Amino acid sequence: MNWIKTNSVSDFLLQIYDYLVLYFGLIWLGFLSLCWTLIASMLYPLLPERYAIYLGRYVIMISFRAYLASLSFSQRCNFDLTELDVLRNDIPMIIAPNHPCLLDAVMVISRLPNVACVMKAELMNNIFLGAGARLARYIRNEPIRHMVMQANEDFKTGSHLLLFPEGTRTVRQPINPLKGSIALIAHQAKVPVQTLIIETNSPYLSKGWPLFRKPTMPVSYKIKLGKRFPPPVNTHQFMEELEEYFRDALKPYPKQCLLSGIDYNKPSTTLNSQGTTLP
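The sequence shown runs 1430 to 1708 under the numbering used here.
None of these hints come from the bench; they were simulated from the model.
Don't take each hint at face value.
Claimed, not checked - Calculated lysine-lysine pairs in the PhoX-like style (CA-CA distance at most 25 Å, straight line):
id, residue 1, residue 2
1, K1608, K1653
2, K1651, K1585
3, K1619, K1651
4, K1656, K1680
5, K1619, K1643
6, K1636, K1585
7, K1636, K1619
8, K1680, K1608
9, K1643, K1608
10, K1549, K1585
11, K1608, K1585
12, K1608, K1636
13, K1636, K1653
14, K1680, K1651
As the structure is a computational prediction, the values presented were derived from the model and not from experiment.
Starting from the given sequences, assemble the full structure and let the hints guide the process.
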């Protein structure tokens, strides 16, 4: 009986700790973002574009890295992102991950000091993200022609471009229909497309997940380098090959396995990109 009571108290305290980890992390990220918003707003009209891009992207990388480090320090979140490090000094390319959750861009950018990001237009005016994104010369996803031109110019500086081929977080498993803009940019700029496979054991911050809803913890993320496609010649054929590759790499997706009886609420349940349970 005493053992049961001790267990209950431990579980309760762990739940409280998990909430503190989640909310402290969000407050910490919000604080970093707001501080940089104020500074970036003042620097935008003053800095030459070359220096603005370098500083803007570097500070965003460091801020995201600090946020993820604080979560890792809690020992309730784990991020295995080391495979991204080989891309730092690689040739200009499009980096194309699957998109299971809101943390995907944060994880990728935290490892790469010179990466532009294609963002939804409304996020460019967001109080937390907008000023920093404009200073770093991130790229709006519309109008399409302007996005393609901006990306093409950015590659000439030697940078990478982070572009989610789905255009939004995954809602249809194993992957949403892909947007053709990735093929247009890669074709016109004559750059390769490096795919990334993002694996997780949690649906945290997937499409429709409330920002302040606590997931079952610990949560784990791993990013693996996927196939690198050469600059496409035939854009339609490229899109078919890219979508087929992602479907093969992500099938069956973890959410499909959840419907088959695997429970995310069990801390011992860990899924890989193929949807199988890890020990």
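Violated hints, by number in ascending order, as checked against the structure: Structure breaks hints 2, 3, 5, 6, 7 and 9.
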